[in-house]
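Trainee: Protein chains in written order, with my numbering: chain A, 1 to 225; chain G, 1 to 399.
A couple of the hints might just be wrong.
[Claimed, not checked] Where chain A lies over chain G, by a calculated footprint (3+ residues, C-beta under 8 Å):
(1) 88-99
(2) 109-116
[To be verified] A few chain G residues that face chain A, going by a derived Cβ cut-off under 10 Å, partial list only:
(3) M102
(4) F104
(5) D106
(6) F121
(7) L123
(8) R124
(9) G125
(10) P127
(11) A168
(12) P171
(13) P173
(14) L360
[Said to hold, decoys possible] Some residues of chain A that are not near chain G, with every Cβ distance over 12 Å (derived):
(15) R38
(16) R42
(17) I50
(18) S133
(19) G160
(20) R175
(21) P180
(22) T196
(23) T202
(24) L211
None of these hints come from the bench; they were simulated from the model.
Computed from a predicted model, the values in this text were never measured in an experiment.
All C-beta atoms, glycine included, are put in the ideal place defined by N, C-alpha and C.
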Amino acid sequence: MNDALYGPLWLSLRVSAAATLLVIAAGAPLSFWAARTRMRARGLITGLLISPIVLPPTVLGIALLSILGRRGPLGMVLERLFGATVVFHWTGAAIAAACAAFPMFFLPAKGAFEGIDPALEDAARLLGRGERSVFFDVTLPLARRGLAAGAALAFLRALGDFGTTLMVAGDIPGRTRTAPLAIYAAWERRDLATATWLACATSVLAIAVLLVVERSTSTLLGSRR
Amino acid sequence: MSGLGVESRLERCADPAASGRVVLDASLTKHVHEGLTVDVALRVGVERVVVFGPSGAGKTTFLRLIAGLERPDSGRARLAGRVLCDVEAGLHAPLRSRGIGMIFQDDLLFPHLDVAANIAFGLRGGPRAAARERAREVAALCGVEALLRRRPASLSGGERQRVGLARALAPRPALLLCDEPFAALDWESRHVLIHRLRAAQERERVPLLHVTHDPAEAVLVGERLLRLDAGRVVADAAPLDALAAGRRPSLSHEHAFMNVFEATVETDAGGAFVARLAGGPTLHVPKADLRRGEALLVGVESDDIVLAAGPVAGLSARNLPTGRVERVVARGDEAEVIVTTGAARWIVSVVAAAVESLGLRAGVEVTMIVKARSCRILSREQTAASSNAGAMPHRQSPS
Numbered sequence: 001m002n003d004a005l006y007g008p009l010w011l012s013l014r015v016s017a018a019a020t021l022l023v024i025a026a027g028a029p030l031s032f033w034a035a036r037t038r039m040r041a042r043g044l045i046t047g048l049l050i051s052p053i054v055l056p057p058t059v060l061g062i063a064l065l066s067i068l069g070r071r072g073p074l075g076m077v078l079e080r081l082f083g084a085t086v087v088f089h090w091t092g093a094a095i096a097a098a099c100a101a102f103p104m105f106f107l108p109a110k111g112a113f114e115g116i117d118p119a120l121e122d123a124a125r126l127l128g129r130g131e132r133s134v135f136f137d138v139t140l141p142l143a144r145r146g147l148a149a150g151a152a153l154a155f156l157r158a159l160g161d162f163g164t165t166l167m168v169a170g171d172i173p174g175r176t177r178t179a180p181l182a183i184y185a186a187w188e189r190r191d192l193a194t195a196t197w198l199a200c201a202t203s204v205l206a207i208a209v210l211l212v213v214e215r216s217t218s219t220l221l222g223s224r225r
Numbered sequence: 001m002s003g004l005g006v007e008s009r010l011e012r013c014a015d016p017a018a019s020g021r022v023v024l025d026a027s028l029t030k031h032v033h034e035g036l037t038v039d040v041a042l043r044v045g046v047e048r049v050v051v052f053g054p055s056g057a058g059k060t061t062f063l064r065l066i067a068g069l070e071r072p073d074s075g076r077a078r079l080a081g082r083v084l085c086d087v088e089a090g091l092h093a094p095l096r097s098r099g100i101g102m103i104f105q106d107d108l109l110f111p112h113l114d115v116a117a118n119i120a121f122g123l124r125g126g127p128r129a130a131a132r133e134r135a136r137e138v139a140a141l142c143g144v145e146a147l148l149r150r151r152p153a154s155l156s157g158g159e160r161q162r163v164g165l166a167r168a169l170a171p172r173p174a175l176l177l178c179d180e181p182f183a184a185l186d187w188e189s190r191h192v193l194i195h196r197l198r199a200a201q202e203r204e205r206v207p208l209l210h211v212t213h214d215p216a217e218a219v220l221v222g223e224r225l226l227r228l229d230a231g232r233v234v235a236d237a238a239p240l241d242a243l244a245a246g247r248r249p250s251l252s253h254e255h256a257f258m259n260v261f262e263a264t265v266e267t268d269a270g271g272a273f274v275a276r277l278a279g280g281p282t283l284h285v286p287k288a289d290l291r292r293g294e295a296l297l298v299g300v301e302s303d304d305i306v307l308a309a310g311p312v313a314g315l316s317a318r319n320l321p322t323g324r325v326e327r328v329v330a331r332g333d334e335a336e337v338i339v340t341t342g343a344a345r346w347i348v349s350v351v352a353a354a355v356e357s358l359g360l361r362a363g364v365e366v367t368m369i370v371k372a373r374s375c376r377i378l379s380r381e382q383t384a385a386s387s388n389a390g391a392m393p394h395r396q397s398p399s
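With the sequences and hints as input, model every part of the structure.
Mentor: Written out as structure tokens, the structure is:
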């Protein structure tokens with residue numbers, strides 16, 4: 001196996017998958033909260049959560065570095081707890097991609113939760129179900145298409161992340177050089193063959209993920225009926 | 001004789017406790033908006049109570065207060081010995097422990113579950129086999145056995161409401177609430193559903209509160225009618241009596257009251273179709289390809305009936321049933337006359353002057369003049385039959 005060709009792809013997959021899991025873990029409860037809360041600060045908090053969409057990736061990168069870096073508040077805690085730094089490490093790339101991709105999951109998920117008729121949940125309660133069961137047997141299954149669509153978009157966004165990853169994790173071949181970084185590096189050294197091959201492979205991967213999700217949820221492209 | 005029956009019925013309506021145990025005892029108020037404060041006190045036994053009134057009368061709000069979907073401003077309610085709510089004591093039973101089954105106008109079936117799972121939704125806990133048996137039982141009771149593997153999206157409006165009824169009944173609720181479940185359906189589906197609902201209520205011995213603004217539906221469903229206007233009870237009696245008592249404009253959205261009767265086709269030959277009303281006279285009905293023995297729902301508007309106090313002859317109208325005036329409810333220059341023919345009770349609308357000139361009062365014998373064309377066939381048995389057609393096993397030839 002050629003590491004220059006497959007290494008970055010494999011790393012990208014790993015980073016994007018980890019980023020997607022992070023996004024779902026944080027985004028599912030947050031989007032449910034944002035869809036249901038009547039708190040007045042809801043708009044402000046929602047705005048902050050989707051700010052990665054409007055910020056340039058490099059700005060997001062600087063922000064993350066100042067938090068996660070060795071002198072950043074979270075970075076110091078992590079270093080003390082695990083004796084490890086996330087910057088310049090593939091986990092840093094995953095966190096960076098997760099932050100950039102978060103709104104891609106959050107927005108459709110929030111929309112899916114908002115689209116559920118609360119009367120259906122009342123009907124479930126009247127039939128004797130407690131809040132836990134109402135959420136897992138009614139709310140979540142009804143929102144699943146939106147959640148799946150959001151997860152797919154987040155994965156694709158993470159797969160394509162360049163700026164934020166570069167700022168937080170750097171461009172270390174074999175460790176943090178994901179496919180988009182490898183494409184740029186190859187192009188810089190005029191290795192057009194490698195750049196083109198990686199570009200094609202990444203595109204095929206992205207389209208494949210999109211089609212798989214579309215087939216099971218039929219939400220992103222609206223191909224349903 | 002029929003007069004006696006009516007009286008005992010009225011008595012029972014005046015005091016539901018007399019007929020048996022009071023299951024629901026509620027006295028609730030809620031300020032909904034400027035001009036509507038719901039303030040209703042009600043005791044219900046095992047009986048079918050229709051909550052009737054124009055839109056905006058607070059019918060649905062009252063139902064939602066009992067269900068716990070809205071909170072009352074004051075008052076208390078008890079169901080089968082347990083407290084549903086007591087505002088002064090700060091008690092509000094959570095929805096899940098109220099023991100109330102409810103069916104809704106927009107059925108609210110769970111779209112991600114098939115019919116079987118919808119029906120079994122309230123049967124969690126307890127032995128599996130018992131739950132399966134109970135689900136089968138209510139599915140049969142509501143006529144949805146053939147639909148068990150279908151998703152709600154693939155069902156007709158009538159089918160959805162039958163599934164909703166089965167789902168609500170499955171956990172054996174102490175009270176069944178129906179919030180205009182048939183409002184969006186045509187008469188054909190409605191007739192089937194009313195039939196199912198009555199049969200199910202009698203089988204399960206569950207008190208029923210049924211909200212509707214349709215007087216015909218109210219008469220068919222109810223044993224007792226609670227008439228609301230602007231949030232308050234204005235009448236609480238047998239359906240026909242409570243309907244006749246109110247102001248005319250709030251009777252219905254239509255101009256007249258529709259008398260509805262269940263009937264059976266007796267003659268289908270010689271160019272005449274004659275139907276016998278349940279416990280009442282026969283009526284010529286308009287020509288249709290009716291079959292002898294077929295069950296019908298016949299409607300006659302109160303404005304389409306002419307009353308005669310003496311003998312009548314030489315009329316083109318085919319139907320001349322005779323009956324006795326039970327009572328006359330005057331309202332301004334109009335009057336509603338309640339006439340009984342056997343067990344069938346009619347509302348006939350006349351002008352106030354006619355009451356005087358014909359000497360209409362309780363006990364007077366009258367002839368009702370009804371054209372065959374005024375007898376509308378609201379629904380036919382074939383609908384009821386075809387809705388169950390799917391239950392027949394599909395025969396498969398061995399290949």
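Trainee: None of the hints should be skipped; say for each whether it holds.
Mentor: Here is how each hint holds up against the structure:
no., hint, result
1, 88-99, "holds (count 5)"
2, 109-116, "holds (count 3)"
3, M102, "holds, 5 Å"
4, F104, "holds, 7 Å"
5, D106, "holds, 8 Å"
6, F121, "holds, 5 Å"
7, L123, "holds, 9 Å"
8, R124, "holds, 7 Å"
9, G125, "holds, 8 Å"
10, P127, "violated, 16 Å"
11, A168, "holds, 8 Å"
12, P171, "holds, 6 Å"
13, P173, "holds, 9 Å"
14, L360, "violated, 48 Å"
15, R38, "holds, 16 Å"
16, R42, "holds, 23 Å"
17, I50, "holds, 28 Å"
18, S133, "violated, 8 Å"
19, G160, "holds, 32 Å"
20, R175, "holds, 44 Å"
21, P180, "holds, 38 Å"
22, T196, "holds, 45 Å"
23, T202, "holds, 35 Å"
24, L211, "holds, 23 Å"
Violated hints, in rising order: 10, 14, 18; the structure is consistent with all others.
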